[in-house]
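As a plain string of letters, each chain reads:
4 protein chains.
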Amino acid sequence: MLVSPKGKRYFRIVNPEVTLHTHDGKLEMADVLEQGFGGQALTHLGRPYSILLPTLYDLIKGVKRHTQIMYPKDIGYTMLRLGVGPGKRVVEAGSGSGGMTLALAWFVGDTGTVFSYDRREEFSELCRQNLDWAGLASRVQWFSKDIAEGFEQTDVDALFLDVRTPWEYLDQAAAVMTPGGTIGFLLPTTNQVQDLLAGIEKSSFGEVEVLEILLRKYKVNAERLRPDDRMVAHTGFLIFARKTTRYPCPG
Amino acid sequence: MLVSPKGKRYFRIVNPEVTLHTHDGKLEMADVLEQGFGGQALTHLGRPYSILLPTLYDLIKGVKRHTQIMYPKDIGYTMLRLGVGPGKRVVEAGSGSGGMTLALAWFVGDTGTVFSYDRREEFSELCRQNLDWAGLASRVQWFSKDIAEGFEQTDVDALFLDVRTPWEYLDQAAAVMTPGGTIGFLLPTTNQVQDLLAGIEKSSFGEVEVLEILLRKYKVNAERLRPDDRMVAHTGFLIFARKTTRYPCPG
Amino acid sequence: MLVSPKGKRYFRIVNPEVTLHTHDGKLEMADVLEQGFGGQALTHLGRPYSILLPTLYDLIKGVKRHTQIMYPKDIGYTMLRLGVGPGKRVVEAGSGSGGMTLALAWFVGDTGTVFSYDRREEFSELCRQNLDWAGLASRVQWFSKDIAEGFEQTDVDALFLDVRTPWEYLDQAAAVMTPGGTIGFLLPTTNQVQDLLAGIEKSSFGEVEVLEILLRKYKVNAERLRPDDRMVAHTGFLIFARKTTRYPCPG
Amino acid sequence: MLVSPKGKRYFRIVNPEVTLHTHDGKLEMADVLEQGFGGQALTHLGRPYSILLPTLYDLIKGVKRHTQIMYPKDIGYTMLRLGVGPGKRVVEAGSGSGGMTLALAWFVGDTGTVFSYDRREEFSELCRQNLDWAGLASRVQWFSKDIAEGFEQTDVDALFLDVRTPWEYLDQAAAVMTPGGTIGFLLPTTNQVQDLLAGIEKSSFGEVEVLEILLRKYKVNAERLRPDDRMVAHTGFLIFARKTTRYPCPG
Numbered sequence: 001m002l003v004s005p006k007g008k009r010y011f012r013i014v015n016p017e018v019t020l021h022t023h024d025g026k027l028e029m030a031d032v033l034e035q036g037f038g039g040q041a042l043t044h045l046g047r048p049y050s051i052l053l054p055t056l057y058d059l060i061k062g063v064k065r066h067t068q069i070m071y072p073k074d075i076g077y078t079m080l081r082l083g084v085g086p087g088k089r090v091v092e093a094g095s096g097s098g099g100m101t102l103a104l105a106w107f108v109g110d111t112g113t114v115f116s117y118d119r120r121e122e123f124s125e126l127c128r129q130n131l132d133w134a135g136l137a138s139r140v141q142w143f144s145k146d147i148a149e150g151f152e153q154t155d156v157d158a159l160f161l162d163v164r165t166p167w168e169y170l171d172q173a174a175a176v177m178t179p180g181g182t183i184g185f186l187l188p189t190t191n192q193v194q195d196l197l198a199g200i201e202k203s204s205f206g207e208v209e210v211l212e213i214l215l216r217k218y219k220v221n222a223e224r225l226r227p228d229d230r231m232v233a234h235t236g237f238l239i240f241a242r243k244t245t246r247y248p249c250p251g
Numbered sequence: 001m002l003v004s005p006k007g008k009r010y011f012r013i014v015n016p017e018v019t020l021h022t023h024d025g026k027l028e029m030a031d032v033l034e035q036g037f038g039g040q041a042l043t044h045l046g047r048p049y050s051i052l053l054p055t056l057y058d059l060i061k062g063v064k065r066h067t068q069i070m071y072p073k074d075i076g077y078t079m080l081r082l083g084v085g086p087g088k089r090v091v092e093a094g095s096g097s098g099g100m101t102l103a104l105a106w107f108v109g110d111t112g113t114v115f116s117y118d119r120r121e122e123f124s125e126l127c128r129q130n131l132d133w134a135g136l137a138s139r140v141q142w143f144s145k146d147i148a149e150g151f152e153q154t155d156v157d158a159l160f161l162d163v164r165t166p167w168e169y170l171d172q173a174a175a176v177m178t179p180g181g182t183i184g185f186l187l188p189t190t191n192q193v194q195d196l197l198a199g200i201e202k203s204s205f206g207e208v209e210v211l212e213i214l215l216r217k218y219k220v221n222a223e224r225l226r227p228d229d230r231m232v233a234h235t236g237f238l239i240f241a242r243k244t245t246r247y248p249c250p251g
Numbered sequence: 001m002l003v004s005p006k007g008k009r010y011f012r013i014v015n016p017e018v019t020l021h022t023h024d025g026k027l028e029m030a031d032v033l034e035q036g037f038g039g040q041a042l043t044h045l046g047r048p049y050s051i052l053l054p055t056l057y058d059l060i061k062g063v064k065r066h067t068q069i070m071y072p073k074d075i076g077y078t079m080l081r082l083g084v085g086p087g088k089r090v091v092e093a094g095s096g097s098g099g100m101t102l103a104l105a106w107f108v109g110d111t112g113t114v115f116s117y118d119r120r121e122e123f124s125e126l127c128r129q130n131l132d133w134a135g136l137a138s139r140v141q142w143f144s145k146d147i148a149e150g151f152e153q154t155d156v157d158a159l160f161l162d163v164r165t166p167w168e169y170l171d172q173a174a175a176v177m178t179p180g181g182t183i184g185f186l187l188p189t190t191n192q193v194q195d196l197l198a199g200i201e202k203s204s205f206g207e208v209e210v211l212e213i214l215l216r217k218y219k220v221n222a223e224r225l226r227p228d229d230r231m232v233a234h235t236g237f238l239i240f241a242r243k244t245t246r247y248p249c250p251g
Numbered sequence: 001m002l003v004s005p006k007g008k009r010y011f012r013i014v015n016p017e018v019t020l021h022t023h024d025g026k027l028e029m030a031d032v033l034e035q036g037f038g039g040q041a042l043t044h045l046g047r048p049y050s051i052l053l054p055t056l057y058d059l060i061k062g063v064k065r066h067t068q069i070m071y072p073k074d075i076g077y078t079m080l081r082l083g084v085g086p087g088k089r090v091v092e093a094g095s096g097s098g099g100m101t102l103a104l105a106w107f108v109g110d111t112g113t114v115f116s117y118d119r120r121e122e123f124s125e126l127c128r129q130n131l132d133w134a135g136l137a138s139r140v141q142w143f144s145k146d147i148a149e150g151f152e153q154t155d156v157d158a159l160f161l162d163v164r165t166p167w168e169y170l171d172q173a174a175a176v177m178t179p180g181g182t183i184g185f186l187l188p189t190t191n192q193v194q195d196l197l198a199g200i201e202k203s204s205f206g207e208v209e210v211l212e213i214l215l216r217k218y219k220v221n222a223e224r225l226r227p228d229d230r231m232v233a234h235t236g237f238l239i240f241a242r243k244t245t246r247y248p249c250p251g
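Protein sequences appear in the order of chains P, F, S and U. Using our numbering, the letters of the first sequence correspond one by one to residues 1 to 251. Using our numbering, the letters of the second sequence correspond one by one to residues 1 to 251. Using our numbering, the letters of the third sequence correspond one by one to residues 1 to 251. Using our numbering, the letters of the fourth sequence correspond one by one to residues 1 to 251.
Hints were generated in silico from the structure; no laboratory data involved.
As the list makes no split between identical chains, a pair holds if one copy fits it or if it spans any two.
The calculated BS3-like cross-link candidates involving lysine-lysine, where the alpha carbons are at most 27 Å apart (straight line), are:
#: 1; residue 1: LYS64; residue 2: LYS6
#: 2; residue 1: LYS202; residue 2: LYS8
#: 3; residue 1: LYS145; residue 2: LYS202
All of these numbers come straight from a predicted model, not from anything done at the bench.
I would like the entire structure built from these sequences, with the hints used as guidance.
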């Protein structure tokens, strides 16, 4: 990842024979390679570009998107809540532009797998391109199909449903998950949250939680510390629940 | 993990010869083993206990604490921002009760390592006990020493400083990190944030961000959806920065 | 208003012949009278009580309540939004414990009037007692009747409806208001807000606004400034609209 | 106040001989007069303009500003907290563009007075113009002087200081206020709040409160209710305190 003096970011796999054409002049990739991560390379106009190893945060910000992607504030909490981690098997629907897919693939590691569903072929493709770009595609399997027909896996550790009417797929969701596994949802409107809660009441999911995460940034100024004037006020409501098996009433 | 009808949680490694004494009567671990994750076992008084595989979220909530531990809302975002993931080498100070240590150990997996510093011997011990309990101690190395004397590692991917006066250790922090790596801080007061920002200005860290994360829960009721009456309003300010190498001015 | 060393508040009309029995000993009202507002009087145990002229904020906090009363954060904004001020004629329903009534009576002054409706006789009575106590009862008229039967006024400047199903009374509301006047609502759940918005769409009200007001307090400490650990996260949604007269489509 | 089909607002004193030239065509003020408040008048292109009596909220939004003016969310709470109301005598510094002045003048009524200080002559003038426009100038007296030299009044009920270094004027503030009166401050940065709190500790003010008010708007849509995507995240910190007279320690 190369960061220009003005903060513009370029993601490139370094090939020493390539020259990058920037707004600040030509940058030799051979120089970038020589300086290494944390160093700076100069363009032919003498402008310094920082060379940084991208974190997951950088990668999510760099995703090529056709849809609104999930925000890091929501993704981070979801990872914890779903228990995503090295070696886990996780399903998500829909794939969208792949912001969430990228985070899931990052955290499950080489020993885990992400199964990413989207009925819109073009989004499966876009998601795959973004995962390829991030170098994490080997951890993901894509399925261009309607989840109303069910998922092809069983006993997955966690499931994330980012679809418009998730209450229509709760049976399919229960079927793919391991008992005790956690399911997560992202919904923008209160009407949808109400419909989902009504659906969950009749399902085999329990331990429900509804919440929002707000991120408030501050101006970076030691002498004049204050919150930013404006902030993102709403991305969506997060809903989490757990697959439970109801014990038959004794007697 | 066993959840009582009233929501009380027990964490146990299942030994079929053991009987758990609960407020709801005796629970045979042999029954728990038979039912498996997602099932329910009955006490001798006929009360059902749910059997669940703990997620990272459950583990963090279950940590035995002598100090305030970090909240999941702050931990999740920090993991993303620091680029923690399978195979990473990460340093933290202080160890505290081990809530953050547990999350770091969870995400770095068997191929990564967490180096956890605390000058107070009793906290290194408490942290170790909690990691043992969570089954993740093999991924962590503890150091009971004052970080003013420096860290024993080099080229770690990320560093998290949860200490009272982090601005005193920025040189030690820069020395342990790989160029381009991300450092994170948690501070409760605005005065401390100001002091840290002043310190960072004179350090080799750049790309600074100051923020707060707020989590707002809702009552789980489809017919009467509304936010909870009260919420946690403040845990701490999160500050992130990146280790940069200043390129010498040409000429 | 008398404030004890521990912050307990007493509201009394000063009668120099009376002795107030407090947890800190006896306090002679003659002493209070002598010291005057801003001064302090000592109990017979030598403990100082501050003597303060109550502001509207103090009065609202001092209201004897049987129901949840509106919070100052919501009342203040509502006063502005409804255009309440000296000389205005304002209707409210229901009276409740009189927190809102008190604020309306405070701001309309001696030249304005508040018409306060509640179908529950006991609340009209409680509200009246609280306004008597605050010395503002002369500005209020109470009506113990169901607003489904309509209001007895016409051409009032503003209307505030704090009832459970306000969408059932929009015609009655429109009938009592002057054209261009502002109506306000307080509702705790999103389901109610949705029902109200659906009702307003079919009514003669326009220029609708839905919002929440959050108040975040800080610890008063110059060396350790930080937000309070916990806060009130939800009191209710405020909805405002304006009575408009639809112009008949020309031609 | 005239509101165009697109929501643009015009404030005019109606003169039946005048024609208003709008982006939607010519509007005859004689028509506006005939329709009255709450009605609509048509332009010569047949586009309807709503005719509304402005509320305080409308007036504040309509103020001609050269500086950032206070937001209604902050003004409303401040009115309550300061105990502003009909007949009160209130001092403010600085006058600024007059947004706060307008609110104070609105609430003190014809029987109260606002004393508005600003050392910058041009702001006293702008403030006066805005109060003239709102028809409330008769309730305000302006003083173009430095408040370091003190205020010319005594025993005012409340004081609002919207200046950059209010801790320099606490003695002058105490001198102008009646015992028990409330003082309010608006400050944008945490550094200033810290300095003010340190100053107040050494002053004759007590019962201090520091807070922020956040206003979160929702999209007005019964079928898709959700918060707005973005919001104003920070205007300033509000600080309130009370003038107290310290009783001399007995003995």
